[in-house]
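Start from the sequences, fold in the hints, and give me the full structure.
There are 2 protein chains.
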Amino acid sequence: MTKPMKKRDAKKSKKLILDCAIKLFSTNGYSSTSMEELAKMCDLNKAMIFYYYKTKQGLYEAVIIQILDEIYATIIKENADISKPMEELESFIKTYALFACSHSYLPSLLLRELSDSGAKMPKTLFFHMRKLYILFASILDRGVKKGCFEDVIPMIVYFMVVGTLNLMVTTKPLRIKAHEIDGIDTCSTCDMDEISEYLIKKIKKMLKEK
Amino acid sequence: MTKPMKKRDAKKSKKLILDCAIKLFSTNGYSSTSMEELAKMCDLNKAMIFYYYKTKQGLYEAVIIQILDEIYATIIKENADISKPMEELESFIKTYALFACSHSYLPSLLLRELSDSGAKMPKTLFFHMRKLYILFASILDRGVKKGCFEDVIPMIVYFMVVGTLNLMVTTKPLRIKAHEIDGIDTCSTCDMDEISEYLIKKIKKMLKEK
DNA sequence: TATAATTAACTAATCAGTTGGTTAATGAGG
DNA sequence: CCTCATTAACCAACTGATTAGTTAATTATA
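In order, the protein sequence lines correspond to chains C and A.
Each residue of the first sequence is one higher than the last, beginning at 1 in the numbering used here.
Each residue of the second sequence is one higher than the last, beginning at 1 in the numbering used here.
Any given hint might turn out to be false.
Intra- or inter-copy, both count: the list cannot distinguish identical chains.
[Stated by the list, open to error] No farther apart than 25 Å at their CA atoms in a straight line, the calculated lysine-lysine pairs in the DSS-like style are these: (1) 40 - 120; (2) 120 - 7; (3) 145 - 84; (4) 94 - 23; (5) 46 - 12; (6) 177 - 123; (7) 131 - 172; (8) 172 - 123; (9) 205 - 84; (10) 56 - 123.
Keep in mind the hints are simulated off the structure, nothing from the lab.
It should be emphasised that the depicted structure is a prediction, and the values quoted were computed from it without experimental measurement.
If you want it as structure tokens, here you go:
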């Protein structure tokens, strides 16, 4: 009846903490996430969290970097061999949509951070968010210069795309419930492909010249 | 040197607590808002919060009802003597935009609540949110039947409008800062009228028949 | 054996909510 | 108009639970 002794693996432990932290932070938010709870989820002692990440804030920033680096890299990769702005825009939307759908902590985390005025937003998050927007804006800009888009306010268009996609992901359970309750059409059975197809179609129409 | 004694006014105190709670909940979120802090802000004893609102959750729901009733009533009022779907849509967007701008706790609170899957969202909030969406969807529906709109998925269009407006409000300080740092165009000097005008124009173009 | 990984047990602060009591306003009877 | 009882409004001080973060000792591994 000896206790099953755990293998020691620093990398694995550190990664495990990060992965669990992503789940907890994105579902509960920063301040409702308890380090005790996180430790239990990892089956590690709470002190290990501080051993690897110093502070709760430090862990949170590591989570952010992980998530935003991932989506940025994914979009860059998918856009690699496209040169037409119209197709780049399409690819951006489609890639973001798929990623957001399969990594739903991204929309949760972004919306939560954007829901206040960013007074205490970590600098790293702010930096990475700007990077993603700049990428999007540059696609639009090239499109305008090539004459495929007109009358563009990039910031608004960006939020029309990314904001909508994020909300469609995070509200999925609510939309299903709302449909069950009042029978209203909440797009509750749409999958992410349909959503991004529709969005692409509409954004194109919106930006195209008469 | 007698201490300046406070007049007793139950209604005023109760209202004061609610007003301060709106500010705190929308800027800090539910769990980061301390009842102690709120009491200090009201210059009342903490026990008074529980005297009037029983629990923190109860206070939060009172806050929600207050905010969402207000925006709903405002939109209904502004739409009262309009019958054309196109104008109704325009009025909805314009009214929502102005309200969101002058009551910025609304976007903060909505985005925050929508950023998780709504597992612990108060029933009252869910109910009021549906009401607002149903109003919007019915405008679109009438428009489709009258032939002014085509190819409409109301849920997506709703988020394109409301999601974008909410984000433009909450991110205002961040957008200004981003513009200062990288010189990028973040629509940082746009006022809410320009934003809603642009949005109306684009949404119209999006939904109008060829 | 040296050091990296891990732990139990702790601290000090903060939290929502309660308790038991103290004022201030109110209304009725003299 | 005054007085006294009733009650609504208010508060200081508390409870018990939870929090982020620390420490000092203990394993496992190279």
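Exercise. Which holds for residue 131 with residue 172 at a C-alpha limit of 25 Å: within a copy, between copies, both or neither?
Worked result: So residue 131 and residue 172 pass the 25 Å test across copies only (17 Å; inside, 27 Å).
Problem set entry | 25 Å Cα threshold - placement of residue 123 relative to residue 56 | within (15 Å within a copy, 31 Å between copies)
For this session: Evaluate residue 46 and residue 12 at a C-alpha cut-off of 25 Å and name the case that applies: within, between, both or neither.
Result: within (16 Å within a copy, 46 Å between copies)
For this session: Using 25 Å as the alpha carbon limit, work out where residue 94 and residue 23 are close: within a copy, between copies, both or neither.
Result: Classified as within; 24 Å inside a copy, 37 Å across copies.
Exercise. From the Cα coordinates, with 25 Å as the cut-off, is the pair residue 120 and residue 7 best called within, between, both, or neither?
Worked result: neither (39 Å within a copy, 37 Å between copies)
Problem set entry | Within, between, both or neither: residue 145, residue 84 at alpha-carbon 25 Å | within (12 Å within a copy, 37 Å between copies)
Problem set entry | Copy assignment of residue 177 with residue 123, given that the CA separation must stay at most 25 Å | between (37 Å within a copy, 12 Å between copies)
For this session: Have a look at residue 172 and residue 123 and pick one of within, between, both or neither, based on CA distance no larger than 25 Å.
Result: between (30 Å within a copy, 16 Å between copies)
Problem set entry | Copy assignment of residue 40 with residue 120, given that the CA separation must stay at most 25 Å | between (28 Å within a copy, 22 Å between copies)
Exercise. Within a copy, between copies, both or neither: where do residue 205 and residue 84 come within 25 Å Cα-Cα?
Worked result: both (17 Å within a copy, 23 Å between copies)
Hint compliance for this structure: hint 2 is the single one not met.
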